[in-house]
Amino acid sequence: MNLALLLETLMDEPRFRSCVEARVSLPARPASYAPFPEWVDPRLKDALAARGITQLYSHQAEAVEMAHACRHVVVVTPTASGKTLTYNLPVLSRILENPDARALYLFPTKALSQDQVAEVHELITAVGADIKTFTYDGDTPQSARKAIRSAGHIVVTNPDMLHTGILPHHTKWVKLFENLETVVIDELHHYRGVFGSHVANVIRRLKRICAFYGSHPAFILCSATIANPGELASRLTGEDVTVVDRNGAPSGPKEFVFYNPPVVNKELGIRRGSVLEARDVATRFIKNDIRTIVFARSRVTTEVLLTYLKEAVSEFPGLPEKIRGYRGGYLPLERREIERGLRQGRLLGVVSTDALELGVDIGTLQACVMVGYPGSVASTWQQAGRAGRRQDLSCAVMVGSSAPLDQYIMSHPDYFFGRAPEHGLINPDNLYILLSHLKCAAFELPFAADETFAGGSTPETLAFLAEQGILHRSGDKYHWADQSFPAEAISLRSAANENFIIIDITDEGRRRVIGEVDRFAAPMLVHQEAIYIHGGQQYHVDLLDYKEKKAYVKEVKVDYYTDANLAVDLKVLDVFESKEGATLKQGLGEVLVTAVVTMFKKIKLHTHENIGWGRLHYPEEQVQTAATWFSVPAAVAAKFSPSEMETALAGVANVLANVAPLLLLCDPRDLHVVPQVRAPFTEEPTVYFHDHYPGGIGLAEKLYEVLPRVWKAAEELVDGCKCDAGCPSCVGPATELGPKAKGLVRRLLAEARPA
Amino acid sequence: MTEAEAEADGIRSRDLAQKLAALRRIIAEKEAAGRPCPGAGPATVPAPGSAGPSVRQPHSRPIQRPAVRPIETCLPGEVRQTAEGRFFLHERAFPLEHQHGRRPLAGALTFRPEEGGRLSPGGTDLGFDPVHAVFLDTETTGLATTSGTLAFLIGTGFFSGSTFVVRQYFVPDFADEEACLRALREDLGRFDAVVTFNGRSFDLPLLEARYITSRLRPPLAGATHLDLLPACRRLFRQRIGGCRLAELENAVLGFYREDDIPGELIPQMYFDYLRSGDAAPLAGVFEHNRHDILAMAALLAEVQAVVQGCRRGEGHPIDLFSLACADEREGRLEDSRALYERALALELPPAQDLVARKRLSLLYKRMGLHDHAADLWRQMCDQSTCLSLFPFIELAKDLEHRHRDPAAARQVVLAALSRSRALDQVFSPNTVTSADLEKRLRRLERKAGVSPAPAPAPALSPAPPPALSSETRR
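Residue numbers (my numbering), protein chains in the order written: chain A, 1 to 755; chain S, 1001 to 1474.
Hints may be right or wrong, so weigh each one.
Here are some chain S residues pointing at chain A (derived, C-beta under 8 Å) [as the list claims (entries may be wrong)]: (1) 1147; (2) 1173; (3) 1174; (4) 1213; (5) 1408.
Note that these hints are calculated values from the structure, not bench results. Think of the CB as a built atom: it goes at the ideal place given N, C-alpha and C, for glycine as much as any other residue.
Chain A extracted, bound-state conformation (with noise of 0.2 Å):
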């Protein structure tokens, strides 16, 4: 059967169509056109002609157009629509009719890089000229290393090697600084909140360092569809930018279903799972010979699905091979090599994390299916864009969850379709990350006095680094005057760098690495007597080696999985602010938060009924970061039961932890909760919100302002929900938070209101 008529089929189901809340088509758009400009050169013209590009889409016309007169540009670019032309085509064409011309790409991961580094060596073998492109990443030789800071035409990078391998080495690339004429920064929309604000902090390092050397390099920006490109393009690179947007290359029809599971018990407000129907769904795709990719949003739930759906085809023989996972902690070969197999059209189906939301190149598919919401607009375009290019008709269906998001989401598919995606939003003069910065930047070169790096208030930083002792002043210029390395300490990304690597030992003469997770979920996943799960192969942990980093792994088949529990202590070390109002008292400080995980249980599969638990011993991870938090005046808990405030203030934690992502507009991993009913610091019903960020990213200062605009949102959902006594979409589950939750939590919300 092809797309079309399953899914007219599937429609035709009475249980299909009831959990169809919306089915929107969105229709072909043709390509536009436009000729290749003069300037090109004419071997590249040719090149691009043996590979059957004659013309050029018309937003790729209009931005090499402005590449070319050295303007800086965005690019927005929805998936295949031929984006890495828009700056292959300017960069060769200047490298062509200068040899000493260099440009610089950056990528937000290696894999991608690998990816361009190869489709631009193919182009320039097909030109034929001596243009020299190399990555420049963890993983390049040192041997090879010499060569390419000199020889390099093209140097294809990632931020984090540009933080610590390039741009604190400036006087081994002078080369390169001194003939940099474009930068090239591909996958803009990845660069937001803390990464964001840290590579913003990077680039300004970098023209500090081009402008030391006599370049000034254009910047060529993609992105795909975000609510503000040309604002986040411009606040990135501390320059206009242009948006071009219009663009010109052809789309199939795509169907749009939203699909939300039914509902198994009313009074709880319980749906069946997301993943089970997920299954279901890929399942009636994969089998009718259409190549699917499917969306998980954690790395546990992309394996437990891939097993799912292996078991699902299990009776066509060869099928379950054309299906295989995806995501980080998987190594850099067998990604490859899902890839290719995806390209080349010897796999059916994919299940990955948001891994392969960026473009890594996997050809065409047909169908998408995402387990629960994305979590953003543009992540859900990004992931539906997945399925379908040129021509043909393709589909994706978005399966809900009970989280209140999808909630919101399934019950207001105008909301989703009449939004304009989200803000892509950094703020790069965050005190803290500018400090880390402004760091580097005089490790790499001294400070005038007056010089400026992030707008006006430098020199009160310099002053304050010196003053600390870390800069030294002498004559008219600030020094770094200590013995680290700070490009070293200071990661771009979370502190989690530090990777446990997995080895199974299930044939002990023949051990091999399977895998890697990184410092802070090593204990929740990979904890001894876990159920590790890999390419939907399950693996019991023999033993977590925790000093060395390993994991060792045996193969097994058992039918439960493992769930750890994770044990947060909280510790108020400053106030930097505070405010009483009658019904509520505001804080805003410093925490050292203690996480330590304590037991795990063992649950069985598909009852997900609980078998069994055990204890676990591992050294705590602190993190030291600001926080914000309210507690309940004596007058205001009196009113509540010792046991109605422990259920009301859990309630309000969940509904305010759920809320508030939405109007800080941050990732909600970003931004934990901690419930304390007798909290030792205010002695008072307490709830904290801290940033998960050593320092702070500015999440908890921002809550501390905004905090009466959050609790209205959270008063308004829990009024909303449909739900009888509290469900996972509001307050949380009844079945966990007793029956009379949501009316104590309304209550709650009630009596306690911040002034």
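Chain A is already provided as a structure; the job is to place chain S on it using the hints.
Here is chain S on its own, set in the frame of chain A:
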């Protein structure tokens, strides 16, 4: 929503001055509480074990401000003022007979690339004359060879008439660096060779980074470079193990420093000086640097003397062996052969002895001296201390292919198997080699037309070592 979005942009809700004040307070409180302070960098996660900017005791403790004593009041020398800044020159001349350990400095003048240069790759072709060479060593504010590290004391040493002069350039403050770098470059212009200890990966790239950062052309562009670290590694590692400068000074030169400042303390001493203005403690750093320069001259003399001695066949056996290895690596096969033979004729410790025999035998083979090689293998097979099956296998190959004597080769393989089994009792079984031997044995038996016999260990080695033989009989 739009309002919220606008506000999310304004995470800078509290203004900068307020935030910096809050940071200052946190840092002050932590220091008062005796906790390590994260400097001004809360965003810097102190990595475990990294000192980083976190520990800054001298700054945090209320200290008695020491007297401001500029360097010129602490050491004799000359302050030079130029348009770019001022720097301090400290100079000391040593008579040629001055000894750093047992070698007089004059010994360095005997250095000849075709002899002493044999330890460096391509070293014998160096256009190198010690009279026109400068010895160079830097004291720095860190270990990164990038523009973020300052070389605040640059020591040079050179021969001048009947003296060896150590001239040290000191940078009194960052702003004065350019003046110093310019003068240094001018000074270095008259040398056509430079001698360092680990300069290839440290001192020279660091200086280059500093020159580029000051927008100056780096010095010594066309100069020949002799890095003593790799040379000393090749020559002395077998004999003394570690090859840090201090280790070489003790074990090779017989020089022991008194009250030397450990290198890792030096950066902090300079930072302390920058803050306090008291240069007096830095006198020790000058001395440390001067010793490094003198040690280089003495090592150059030592390397030359050792190579000369070896060529006369008088060297320490391990030195002969080390030089043989270096010669072999550089393709001087005849020289290498003579040195190996001489080293073996004297007495080498067991570990080096076996390696030397093995390497010499392979060298013979490479040179076409097959009988010499076979003799060596035979000797090695008879040595009870030989834990390797290498000589057996080589000998068997030689007998089988060159002498076309499968029967004799078979005897050797049988002996090898017996040795192998004995070794297996002591060490973990080496199944790969055993399987290989069995295969070889069967082939030889086929060739020799011998029926597979439960061959007892033949008497190739007349008296098997007691420890092994008792195991074998079991």
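Q: Would you list, in rising numerical order, the hints stated earlier that this structure does not obey?
A: Failing hint: just 5.
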